[in-house]
Structure formats: C-alpha cells, structure tokens
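Colleague: The hints should help you fit chain U onto chain X, whose structure is shown.
Line order of the protein sequences matches chains X and U.
In case it helps, UniProt numbering puts the first sequence at residues 1 to 430.
In case it helps, UniProt numbering puts the second sequence at residues 1 to 430.
If you are wondering where the hints come from, they were derived from the structure by calculation, not from laboratory data.
One thing to keep in mind: the hints can contain errors.
The list treats identical chains as interchangeable, and a pair is accepted whether it falls inside one copy or across any two copies.
As the list claims (entries may be wrong) - Below, a list of computed lysine-lysine pairs in the DSSO-like style, where the Cα atoms sit at most 27 Å apart:
1. K337 to K103
2. K337 to K42
3. K42 to K55
4. K101 to K42
5. K42 to K23
Letter by letter, the chains look like this.
There are 2 protein chains.
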Amino acid sequence: MPIRLNATQPDFEQQFVALLGSKRESSQEVGDIVTTIIADVKSRGDQAVAELTNKFDAAGVSPDTLRFTPEQIETAAARTDPKVRDALQFAHDRIRAHHEKQKPVDHIYQDDLGVTLGTRWSAIEAVGIYVPGGLASYPSSVLMNAIPAKVAGVERIAMAVPTPNGEISPAILAAAQIAGVSEIYRIGGAQAIAALAFGTNCIARVDKIVGPGNAFVAAAKRQVFGTVGIDMIAGPSEVLVIADHTANPAWVAADLIAQAEHGGGAQSILVTTHPPLADAVMAEMGRQIALLPRQSIAREGWEDFGAILTVPTLGVAVQLANRIASEHVELAVENPKALMGDIRHAGAIFLGHHTPEAIGDYVGGSNHVLPTARSARFASGLGVLDFVKRTSVLGCDPGSLAALADAAVTIAEAEQLDGHGRSISIRLNR
Amino acid sequence: MPIRLNATQPDFEQQFVALLGSKRESSQEVGDIVTTIIADVKSRGDQAVAELTNKFDAAGVSPDTLRFTPEQIETAAARTDPKVRDALQFAHDRIRAHHEKQKPVDHIYQDDLGVTLGTRWSAIEAVGIYVPGGLASYPSSVLMNAIPAKVAGVERIAMAVPTPNGEISPAILAAAQIAGVSEIYRIGGAQAIAALAFGTNCIARVDKIVGPGNAFVAAAKRQVFGTVGIDMIAGPSEVLVIADHTANPAWVAADLIAQAEHGGGAQSILVTTHPPLADAVMAEMGRQIALLPRQSIAREGWEDFGAILTVPTLGVAVQLANRIASEHVELAVENPKALMGDIRHAGAIFLGHHTPEAIGDYVGGSNHVLPTARSARFASGLGVLDFVKRTSVLGCDPGSLAALADAAVTIAEAEQLDGHGRSISIRLNR
Numbered sequence: 001m002p003i004r005l006n007a008t009q010p011d012f013e014q015q016f017v018a019l020l021g022s023k024r025e026s027s028q029e030v031g032d033i034v035t036t037i038i039a040d041v042k043s044r045g046d047q048a049v050a051e052l053t054n055k056f057d058a059a060g061v062s063p064d065t066l067r068f069t070p071e072q073i074e075t076a077a078a079r080t081d082p083k084v085r086d087a088l089q090f091a092h093d094r095i096r097a098h099h100e101k102q103k104p105v106d107h108i109y110q111d112d113l114g115v116t117l118g119t120r121w122s123a124i125e126a127v128g129i130y131v132p133g134g135l136a137s138y139p140s141s142v143l144m145n146a147i148p149a150k151v152a153g154v155e156r157i158a159m160a161v162p163t164p165n166g167e168i169s170p171a172i173l174a175a176a177q178i179a180g181v182s183e184i185y186r187i188g189g190a191q192a193i194a195a196l197a198f199g200t201n202c203i204a205r206v207d208k209i210v211g212p213g214n215a216f217v218a219a220a221k222r223q224v225f226g227t228v229g230i231d232m233i234a235g236p237s238e239v240l241v242i243a244d245h246t247a248n249p250a251w252v253a254a255d256l257i258a259q260a261e262h263g264g265g266a267q268s269i270l271v272t273t274h275p276p277l278a279d280a281v282m283a284e285m286g287r288q289i290a291l292l293p294r295q296s297i298a299r300e301g302w303e304d305f306g307a308i309l310t311v312p313t314l315g316v317a318v319q320l321a322n323r324i325a326s327e328h329v330e331l332a333v334e335n336p337k338a339l340m341g342d343i344r345h346a347g348a349i350f351l352g353h354h355t356p357e358a359i360g361d362y363v364g365g366s367n368h369v370l371p372t373a374r375s376a377r378f379a380s381g382l383g384v385l386d387f388v389k390r391t392s393v394l395g396c397d398p399g400s401l402a403a404l405a406d407a408a409v410t411i412a413e414a415e416q417l418d419g420h421g422r423s424i425s426i427r428l429n430r
Numbered sequence: 001m002p003i004r005l006n007a008t009q010p011d012f013e014q015q016f017v018a019l020l021g022s023k024r025e026s027s028q029e030v031g032d033i034v035t036t037i038i039a040d041v042k043s044r045g046d047q048a049v050a051e052l053t054n055k056f057d058a059a060g061v062s063p064d065t066l067r068f069t070p071e072q073i074e075t076a077a078a079r080t081d082p083k084v085r086d087a088l089q090f091a092h093d094r095i096r097a098h099h100e101k102q103k104p105v106d107h108i109y110q111d112d113l114g115v116t117l118g119t120r121w122s123a124i125e126a127v128g129i130y131v132p133g134g135l136a137s138y139p140s141s142v143l144m145n146a147i148p149a150k151v152a153g154v155e156r157i158a159m160a161v162p163t164p165n166g167e168i169s170p171a172i173l174a175a176a177q178i179a180g181v182s183e184i185y186r187i188g189g190a191q192a193i194a195a196l197a198f199g200t201n202c203i204a205r206v207d208k209i210v211g212p213g214n215a216f217v218a219a220a221k222r223q224v225f226g227t228v229g230i231d232m233i234a235g236p237s238e239v240l241v242i243a244d245h246t247a248n249p250a251w252v253a254a255d256l257i258a259q260a261e262h263g264g265g266a267q268s269i270l271v272t273t274h275p276p277l278a279d280a281v282m283a284e285m286g287r288q289i290a291l292l293p294r295q296s297i298a299r300e301g302w303e304d305f306g307a308i309l310t311v312p313t314l315g316v317a318v319q320l321a322n323r324i325a326s327e328h329v330e331l332a333v334e335n336p337k338a339l340m341g342d343i344r345h346a347g348a349i350f351l352g353h354h355t356p357e358a359i360g361d362y363v364g365g366s367n368h369v370l371p372t373a374r375s376a377r378f379a380s381g382l383g384v385l386d387f388v389k390r391t392s393v394l395g396c397d398p399g400s401l402a403a404l405a406d407a408a409v410t411i412a413e414a415e416q417l418d419g420h421g422r423s424i425s426i427r428l429n430r
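Only chain X is shown next, with the shape it has when bound in the complex:
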C-alpha cells in the first residue's frame, strides 16, 4: 500500500525523512565489470564492441554492421505509422521552437579601466546520445536529447541504441530521422559508452555523452567523465502533485498513474491540503489502474513507492516539495502562478488543472529529461546550454595592464608564483 502521512501527526518528521531517504533503485555494484568492458573496447575496438553487443543483446552484429545504413533508417522510418510520424514531427517542431529561445548570446564589453572582458559561446562539436533498448526505448526521448544538440549547433550526433535480439522500434529511427540524427549504431551498455568516449575504427569519438541507461550505462558514464562530458546520472522518474480543494481527484489520480506506469522505481506523491481529496484519489487509483492494458506495473509502482501526504496549508506543501526536490511538480491548485514562485527545487513545474505532466513528456515544448532523485537541488533539465560551452575573453592594452599590475603582482608574490608576477612586470617599463 502507498504511504499515507499527515503533517500534523507527531511522528511526521521522522516518517517524512524515511520517505526522503528511501531507495527506489537496486544499487547494483557494476563498477568493476564496467572497468573491464571499457578497457576491452579501448584495446580491441569494434571487435570488442561487436562481441559484447552479441553477448548482452543477442543482436547478431559484426564489426561491419554496427552502424545502421541510410537505407535501413529510411525503411524503418517509412514503416512507422504515419499518424505517429506526424505526431513526432509536431512534437519536434514545438520542442525545437522552445529550445531556440535557450540559445545563449555572447557578451563582450569594456569595463571602466579599459579592460576587455567577456563570454563567447560555442557548440560542442560531437555528441553521443544513448537511447535505451527494450521497454524504455522511447522515440520522444530521442527528440528530447537530439533537438537541443541540433539547436546548439552540434555538428555530429552519434546515437547508440541497443537492439535486443536484433530488434528495434521503427519509431525510434523515425524520431532520429525527424531530429536530423543520421549516425546511428546498434550498440548498448557500457561498451557503447566506451566506444563513444574513446572511439573505434568505425565509431569516431565524441566530446560529450547524454541520455539515460541501466546501471552499466550509468557506471560507464561515471568512469568516462573527464575524457568526455556527461549529463546527469538519471534515476527513476517521479512526480509530486500539490493539490487543494479545487483539484479533480480523477485527474490527479490519472497523473499519479502516468508516473507509476514507468515502473523501475518510479514514484508518485500527492500532497494535499484537502483530506477528502486524499480519499477520493485513493479510490480513483484503484478504479483507473484496473482500466490500463499494462496495469501490473502501475499498480506495483503505486503500492511500493506511492505516497499521500496531508498538510494543513499550501505553505507546508511547498516546504515539503522543496525538501523532496522532485523531477516533476504539478500545481493542481486554484492559483498555481501564485504558488510557483515558492517552489525552489524542481525539475519542472506544471501549472494548474489542465497541465498533466504527460503533456511535458511529449509536445509541451520543454524538455522531458529532468533531474531525478532529489538532484533538482543542484541540477537542471537538459537544454541547449548542455551542448555549448563558454570561453572567457580578456584583453588589456598598456594602460589597463598598468592599472591592474600592482595588485596582480602582489597576489602572485604572496602565492610564491614569482613567474606569474614577472610575466606582468616584464611588460611594464618600470
């Protein structure tokens, strides 16, 4: 059964801390295996990648067939239901339009001493996108990872997607084609991450790797961090719905179910100021889960990780939300915009009764790759900024150098870096 807590209970704090600390992932210790796989790919290249791919995915590949040909991509995309293709194109266009607004602009200026200072942005040259295979292989995630890279101006996007038993959803390749990804490899796991990070004969190395994956993928990303950039280490998905007396229990329940059906530790939490809503949502959960074709995943997710917290005020709801720092926060309240400003830690905020989280997963325009497992305390969702980097610019002329010199030389000498000081004073005719 889901946990039910009331913030006015004397043991609430203790129980809430337990909820916060509860593990939803089996933290498989795969670091050593991954270290071996990475070393193997570094030394034997494509041959190792192909062998490991056949071992783990039964993919039936050889070093020559790791990459999808243009014809294979074309054929798969053409096999995709036109209605799905159109929907993906619609999603693409909206996601692209929103991300275009995230492009940073250079800013170079002169300060009052005449020093030129500034920031110049440039795109990362080559990016690897990891797309999980099997159940969690989502075409929408292909769009969400590839579009910000495209908008940023990344020249090369290499996508890795495992093909268990040699199979892949055509919609994955259709989404890649729509997003403009033409370099696609049928590889997965730590071997895919190693190939992207270090390069092989047929896979040129990239500069950054993004995208979610299983424990092996996560461990491999952690190990190659520094050789390449990585995005966050993604955990199970989660939603927190803050609801008041104006919320519709059926709609709230539908949103909690949408999260729980991800399985794999996905968590749905309702925080409400209105106790009757808590009961009504509980009843709706049972009724609606029974209507789902794949009801067992949602039911187990809700029973294992679900929670309903009753609170005296929306102020308390916000405090708890900030401690939970959820990936998704829905504000199913009368005045969501007034509450929004108080939500400090959240991957994304969904405003009001007519914004189910699932809209953000697909066609809202914002990115659905968001920080999980309380990492919204320090991390952001994926965006254009993840595919660009800043170069700072500094310029002095003789006058401004002279104005800065004394302080710089003083600090250099205090740090016993005399060569630093000398590189400044040698330019001054003193």
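Modeller: Below, chain U alone, put in the same frame as chain X:
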C-alpha cells in the same frame, strides 16, 4: 628538452598526435581507498573525519575543532599583510563585478497556442568549496570559487581546506573573509568530500562541491557525483601561446614560464608562424628561468612538457589550437580580435601582447577555474551558471491542452504508456 615540431615536417601529424595524447599526470588508482574512506565517514561521521585528517595531514584536530572559529578567522585575516589584503579586495571587487553580468534571467512566455512556457532560475542552497593545502593553496582560488556562488545567491558556502601539520596560510582565511565565506573546516582529502556530500554532526551536507584537489579528492568527487553536483575534475594547468612576428620573445617566454612554474604536469606550448621567434623564445626561457627564486619547478615543467610548434600560417596555428583545446590560449599576434573568432575550443582567450595569462589568474575579473586536459571541447570555466539551476515551467488552459492532446496521446500510445495518454484524455470532455 621541450619538444620542437614543424608543421611542414612529413611526420608532423604523428608527432602532434603523440603530443596530444601524452599523459601529464600519474593516474594513481585510488578508487578503492576512497570508497572505504567515504563509507567510514558515512558511518562514523566527525570521528572518522578527525581521525583521517590527523592521519593524512597531521593536523591535530578533534571532532570538536574541525571548524575554524570566527576568532581564528579574524586573527588570521588580521595577520595578513595589508598590501595583500588590499590586492585581494581589489581582485574580489573586479571578479564580483564581472560575474554579476553572468546572472541568468527568467523567461516565461505564451506561445501562439496559448501554452505558457519558460525557464526559472534559482540558486543552489548550499555549496562546498574545496581548497587544496600546501603548495597549491591559493587565496586567489578561494575568491574564484566563492564569488560566483555568492553572486548566484547561494546561502551557505562551506569551505574545506586541509592544514598540514596544523598550518594554514593566513591569506587563505583572509580571502575567505573577503569573499564572505564564514563556514571553514580544517579538513581535506576524500574525507572532506565525503563529509560535505553526506553531512556529519558538525558539518551539514551541501548540494554541490567545487574546487580542485589531488587524486583522492578527484576520485571522491567522482564517487559522490549524483548525491551532490560537482564541477569538473581538474587536471594540470596549461597555456598555448599563438605568436606571430610582432610578438616580444621575452614576454612570450615569461608567460610560458608562469605556466610551467605551477609544476605537477603543467604544460606550456608556443605555436608560432615566425621561426626566429621560436629560437629567441628558447634563449629567453633559459635566461629568465635562472632568475626565478624557485627555478627548478619551472625548468622541469618546461623541459618535460614544453613544446614549440612552428607553423606556416595563423590558420594552421588555429587548427592546432582547436585540437589541443587548451585551458588558456594567448593570442600574441598583430590582430588578436580577428583571430579570436576562429578559436573554438579554449577555456579562456587572452587578447594581444599586453594580456599575460597571469592577469586573468588574479585581477582581470574573469574566472581562473577553467577546463584542462582538452576538456574545453565540452566544458566551461567556473561561473555563476554553476551555482544556479533551471526549473522549466509549463502551463495549459483547456484550449491549449485540447490543441496539444491528439499528438501527445498518439505518442503515448506508440510508447505503450497508456496511462500517459489517459491523463490527457480524461481532461477533455470527449
């Protein structure tokens, strides 16, 4: 002896690739030791931190004396040479002024379907700053790490600095005081990173940890990544000077020496279109290194890792610079602004003959924490953006939800996430 290459030699590409791939750090395998230390700190808290600190740093601390008292900070700051204090204050004010311009602004808008979309920025609540002890304990680095956090609005900045044999440079504490850091612990190594990431009785956990450190610190940051955010894994410092016939060989040599004197694998590379400059710089290196009080570090750094590359054109120089992706790139050329646009991968660019890199280390105003070891291909220098995070905002009303619904439900069903589709369709009276 430093490497000398000429881009027109037939074996240049091969030699250049060797230079690119050369290791400048001993990659000490400390992962297992660090795992043990982290587990110890998690289970025994302050007691473990104190024991490990005494074991590694001979710091003579107890669990009660891990934190510097306000009086200790005040006393140390007062002992700092007033000239150094003033220089640090001057540096602080310039760094602060520049970083103020990096603050991102919220952007929330309605698109043509009436969907509310946007980005809201908020500061990370608590940040840990690691400051190395001993030789590489630089007050300027305290400023460079703390000021962007302050400007971002971080409420709590906890600084960890090891005190080998119980000693610390007063200027470190003075810099912390100037930057507004009041929470300072005399701890270092993996135990400091673990204490900051997981918290102990006397050290509250933080949300993100930044700052350079030795192999133990780097491994610990890698392991706690996800529990907290981290900045990059810093490697040895490096400079690449692009110089033409207008460059002053004595000034160029001084800049190469300033980099080499960091030791620990620091690298200085000169790329020049003007062969006589290469010879003149070589001669200046010998002459100027001999003038340094601590000449052996600079000499060894230059002889072990230095390089001079002669190229036919500035275009070739830029190509090589982009492949090297150096932390610092100096443009000691006649028209640096014209060349700047072609430098794509660099932590920072220094314009013209009167901008020695050392100015950027201290008082230029830009940050001196920059990506090393070719990571400028994908990473940026430290800035205000490292201490804030984005929350995306999405809002629909009944009309805009209806406009988005069909495509979203289509994708949800294609992904076999029927609950996602239902959470949308339940809100439409269809």
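Colleague: Next, verify each hint and record whether it holds.
Modeller: Now for the hints, and whether the structure bears them out:
no., hint, in the structure
1, K337 to K103, "both (26 Å within a copy, 23 Å between copies)"
2, K337 to K42, "neither (52 Å within a copy, 40 Å between copies)"
3, K42 to K55, "within (18 Å within a copy, 37 Å between copies)"
4, K101 to K42, "neither (39 Å within a copy, 43 Å between copies)"
5, K42 to K23, "between (34 Å within a copy, 16 Å between copies)"
The earlier numbered hints that this structure contradicts are 2, 4.
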